[in-house]
Amino acid sequence: MDALLSFVIAKYNYWVVVLLIMIGLYAMIAKNNLVKKIIGMNIFQTAIILFYISIGAKKGATIPITFGEHGPPVAAADFINPLPHVLMLTAIVVSVATLGVALALALKVFRQYGTLEEDDIHSQIRKE
Amino acid sequence: MTEHFPALIVVGPLLAGLLIAAAGWFNRKACFPMAGLTLLWVLWMCIGLTLRVVTSGSIDYHLGGWAPPWGIAYRVDFLNGIVLVVVALVAFLNLLASWNSVEREMADKAGAFYSLYVLFTTGLLGMVVTADAFNLYVLLEIASLTAYALLGMGDGRSALSGLHYVFMGTIGASFYLLGVGYIYLVTGTLNMADIAARLPALYSNGTVLLAFILCMTGLFIKMALLPLHMWLPNAYANAPSLSASLIAPLTTKVMLYVMIRIGLNLFSPSFTFEISGLAPAMVWVAVIAIVAGSVMALFQKRLKRMLAYIVVAEVGYMVGGFWLGNRAAVTGAILHIVNDAMMTLCVFLAAALIVHRLRTDNFSDLKGLFRKMPFTMAAFVVGGLSIIGVPPLCGFFSKWYLISGGIIAGHYGFVAALLLSSLINAVLFFRIIEIGYFEPLPGSDGHHHEPPAKMDEAPLGMLVPLWAAAGLLLVLGVYSGDIATRIIQFAIPEAIL
Amino acid sequence: MKSIALTVVLILGCLLVYVAQEFPGFGDPGAPANVHVSPFYIENAMRDTAVPNMVTAILADYRGFDTLFETSVIFTAGLACFFLLRVIRRRAPESRLYRHIPTDLTIRIEKGGRLPASSAEFQRIDSVWVPYDLIIHMTGRLIVPFIQLFALYVIAHGHYSPGGGFQGGVILGAAVILFALCNNLRMTVRRFSERTNALLCSLGVIIYAGTGVMCMLLGSNFLDYGALAGLLGVDRIMARSHGIMMVEIGVAIAVNAVMVWIYYNLSSVGRQDEGL
Amino acid sequence: MFWQIDLLISTLVIICGIGALTVKDLLGAGILFGAYSFMMCLLWAVMGAVDVAFTEASVGAGVSTVFFIAAVFRTSRETKD
Chain A
1 MDALLSFVIA KYNYWVVVLL IMIGLYAMIA KNNLVKKIIG MNIFQTAIIL FYISIGAKKG
61 ATIPITFGEH GPPVAAADFI NPLPHVLMLT AIVVSVATLG VALALALKVF RQYGTLEEDD
121 IHSQIRKE
Chain B
1 MTEHFPALIV VGPLLAGLLI AAAGWFNRKA CFPMAGLTLL WVLWMCIGLT LRVVTSGSID
61 YHLGGWAPPW GIAYRVDFLN GIVLVVVALV AFLNLLASWN SVEREMADKA GAFYSLYVLF
121 TTGLLGMVVT ADAFNLYVLL EIASLTAYAL LGMGDGRSAL SGLHYVFMGT IGASFYLLGV
181 GYIYLVTGTL NMADIAARLP ALYSNGTVLL AFILCMTGLF IKMALLPLHM WLPNAYANAP
241 SLSASLIAPL TTKVMLYVMI RIGLNLFSPS FTFEISGLAP AMVWVAVIAI VAGSVMALFQ
301 KRLKRMLAYI VVAEVGYMVG GFWLGNRAAV TGAILHIVND AMMTLCVFLA AALIVHRLRT
361 DNFSDLKGLF RKMPFTMAAF VVGGLSIIGV PPLCGFFSKW YLISGGIIAG HYGFVAALLL
421 SSLINAVLFF RIIEIGYFEP LPGSDGHHHE PPAKMDEAPL GMLVPLWAAA GLLLVLGVYS
481 GDIATRIIQF AIPEAIL
Chain C
1 MKSIALTVVL ILGCLLVYVA QEFPGFGDPG APANVHVSPF YIENAMRDTA VPNMVTAILA
61 DYRGFDTLFE TSVIFTAGLA CFFLLRVIRR RAPESRLYRH IPTDLTIRIE KGGRLPASSA
121 EFQRIDSVWV PYDLIIHMTG RLIVPFIQLF ALYVIAHGHY SPGGGFQGGV ILGAAVILFA
181 LCNNLRMTVR RFSERTNALL CSLGVIIYAG TGVMCMLLGS NFLDYGALAG LLGVDRIMAR
241 SHGIMMVEIG VAIAVNAVMV WIYYNLSSVG RQDEGL
Chain D
1 MFWQIDLLIS TLVIICGIGA LTVKDLLGAG ILFGAYSFMM CLLWAVMGAV DVAFTEASVG
61 AGVSTVFFIA AVFRTSRETK D
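Protein chains in written order, with the numbering used here: chain A, 1 to 128; chain B, 1 to 497; chain C, 1 to 276; chain D, 1 to 81.
It should be emphasised that the hints constitute simulated quantities derived from the structure, not laboratory data. The beta-carbon is built from N, C-alpha and C at its ideal position, and this holds for glycine as well. Careful: at least some of the hints might be erroneous.
Unchecked claim - No farther apart than 30 Å at their CA atoms in a straight line, the calculated lysine-lysine pairs in the DSSO-like style are these:
#1 D:K24 with A:K127
#2 B:K301 with B:K367
#3 B:K301 with A:K127
To be verified - So the derived label-pair ranges between C-beta atoms look like this:
#4 B:M106 with C:K2: 13 to 23 Å
#5 C:S3 with D:G19: 14 to 24 Å
#6 C:I4 with B:P493: 37 to 47 Å
To be verified - Far from chain C, by Cβ distances over 12 Å, these chain D residues were calculated:
#7 L8
#8 T11
#9 V23
#10 K24
#11 D25
#12 G28
#13 I31
#14 L42
#15 A57
#16 S58
#17 G62
#18 V63
#19 V66
#20 F68
#21 E78
#22 T79
Construct all of the structure, not just a fragment, from the sequences and the given hints.
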């Protein structure tokens, strides 16, 4: 039993990532309302960002900011890996940009069809 | 200045896109010439780069002056040299044709349209040239965001199909990002050459296989391989016709180039074709994509939807050709990227001109089009024949390489699918030619005869690029022999025999 | 449809969980990611660029090209919202609401009729949102300058503390959006018009790319700030630090203008007369 | 002390995520989505990614929620699923 427990505890952050990916992907595919799909899309993207950050995490290391010129010599093991943080600044900005464009398109769909429910829109399209 | 070309190809159009967006607020007339000059300059740089690659081998460029594993590096070699030229050429030709329809449909947002147009080209050119896995994701996002905006701008259903394209595109890009994250987890680096050096020791690791599957799935969603193609027909059919004729030829082809780059250079050919064990399954998926794409194109009532399904079938050609794994098939796949981009441009541009003049593209309204728009229909026939694969035009030669690759690999299902799809293409195009040839039937009451429709052709500004594209199909057909021998032959690593 | 989605997601989840067993443990220093490339950054960031915050050093210098395209992604999003939503040809608004200030009466004027904007007694109010509220209005006016001051601090201290161009730019944009929330959108558009907004977007990214092109003109590769040493009259390391600063300012201008521009178009669905 | 906070905030993140997707009123979904972003920002701050946490706080919890509320305000609040 403790083998399983230690197994789960050793990588718990990755289970959170997998759970959030499943939630986000399910919402994007199965939700009927377009705004809910956009929320699912954003959850899916932040889950991948969490995955990258948990790659860079180091036990017993401090935040990736040194102490300036006169500080103690810099050792690689003392600081958290800064590279995933840089990559994820880009991913957050990309997720906001995609959110903005998706909401703009959702407003255009609402202006065109008067509703954001997927099934109502398809019934209107079939009537045309 | 020439040694800065790899960076200038991407930074030049980026700066131009920004200046065009700003110029849009002062005088709208200046936007089109600025965009035209930028793309012409980019085309000239791409040709210069490809010639330099052919003469003196591949070129490396370190961004920010840092060596590859630490900084971002750009690399132009045989594989992406030819794709660069095609992307720049298609973007330039399509831009020439876009002036009239932009002036009519979205005159007051012309600055934004041309800026998005040039930024889309920047994203694609950057994706083709980059040698850094994460930089490719960022450029993929620029190309996707501009594509969402350009495709979502039409009237009617385009907003909804644009939104579906946003969801599928984000899932695809995020899968690719997750795949790169897995690679980074086990190798610790992002530069493609560095990854390729460190991966062989880890092939037994399950994470590497899952990274490969995730990257490939993300790219299959972005290139609309059959089971994941739902978004493409609606997105391209309902879009403004000039946006569709820009995005249809380019997005799927650059995604295929990225698949080949990852399959050959990131993961070695031995991993892609033997260790991963996906190759046979992928060829059968491609066979289904070819057959189903072509058959679905038969049932379409609108011209642009039919062409969109033909694009889905063409993606099946190239995926099948690549995953067969022998030299002839991979050469065919790469040559087909070049040829299919030009063919799709020619056919979509002709459809754009038809929609520009008739404002509709239902088959029933295309009657008597040969008399009304002879030049457009002539170019459409040339594009159609090339897609079917008639010898002097370029479509035949790449299909020939694919079929010979299929025969060498002994995969007769793939060869049969290619032949069946060519047959169905023939049926599709001759049906339209037949509709276009006969005069509109006299009205239901049967006795009033309107005079044979006088010729009201699309404006000259749209016809010249269309005829240039049709002419290029012939030029590519004639030179496809030495394109394959002098350029593509060096692009494929020796491991593939 | 829901059951297909559920099965697909569960299959993917089991696949991810199954493969996660072979991951290096969460947070152990020996993982390949912490051993191969990042030690170079940790040890050399301070020595190469004199910037204590390693993330900013990598963001703007080692991988500065990524950030250039990240900024142009944000610019593209702003341009896309404008392109998709903006309605430039003025259709006559259906009806307008006016409030007569002395008697607190509200009158509705149908089809296109309008009162002079400068009339002292009548004040146009949004037909959509909450009426005039003193508390929100006053606190908004008090807070906005301090938010902007904090945003400038965040941009300037990107080298030493967490922060930098993106965070500062978003906070600047948030200050303008707060002002738009407290008052109505028309007042905000009058103060911070859409044209200057769009031009600031382009200007921000042009500053970034222009710095890179300047390094190219001075002989070294694109975005190699060391080449600016001659121009700025400092040694190569401080030139890199100043180069990062110039780039962060460009990013802040671009991100601030984009956030406000997207808010203008989203909250009023392109007509920019009655927002949230 | 380190991983208990992590586990607690992770469960809060998942609860806010599922809540944002299941609540019927879209305005509530927008607010819960803002809470989800803020919890994610806390999680990253605990894990040492301070720059990313700052960006997520200002971009994710701040501006994204404003865009959401503006979009929901311009469309309809009630949903069927």
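Outcome of the hint check:
no.: 1; hint: D:K24 with A:K127; in the structure: holds (28 Å)
no.: 2; hint: B:K301 with B:K367; in the structure: holds (14 Å)
no.: 3; hint: B:K301 with A:K127; in the structure: holds (17 Å)
no.: 4; hint: B:M106 with C:K2: 13 to 23 Å; in the structure: violated (39 Å)
no.: 5; hint: C:S3 with D:G19: 14 to 24 Å; in the structure: holds (23 Å)
no.: 6; hint: C:I4 with B:P493: 37 to 47 Å; in the structure: holds (39 Å)
no.: 7; hint: L8; in the structure: holds (16 Å)
no.: 8; hint: T11; in the structure: holds (16 Å)
no.: 9; hint: V23; in the structure: holds (18 Å)
no.: 10; hint: K24; in the structure: holds (17 Å)
no.: 11; hint: D25; in the structure: holds (17 Å)
no.: 12; hint: G28; in the structure: holds (17 Å)
no.: 13; hint: I31; in the structure: holds (15 Å)
no.: 14; hint: L42; in the structure: holds (14 Å)
no.: 15; hint: A57; in the structure: violated (8 Å)
no.: 16; hint: S58; in the structure: violated (4 Å)
no.: 17; hint: G62; in the structure: violated (5 Å)
no.: 18; hint: V63; in the structure: violated (5 Å)
no.: 19; hint: V66; in the structure: violated (6 Å)
no.: 20; hint: F68; in the structure: violated (9 Å)
no.: 21; hint: E78; in the structure: holds (18 Å)
no.: 22; hint: T79; in the structure: holds (15 Å)
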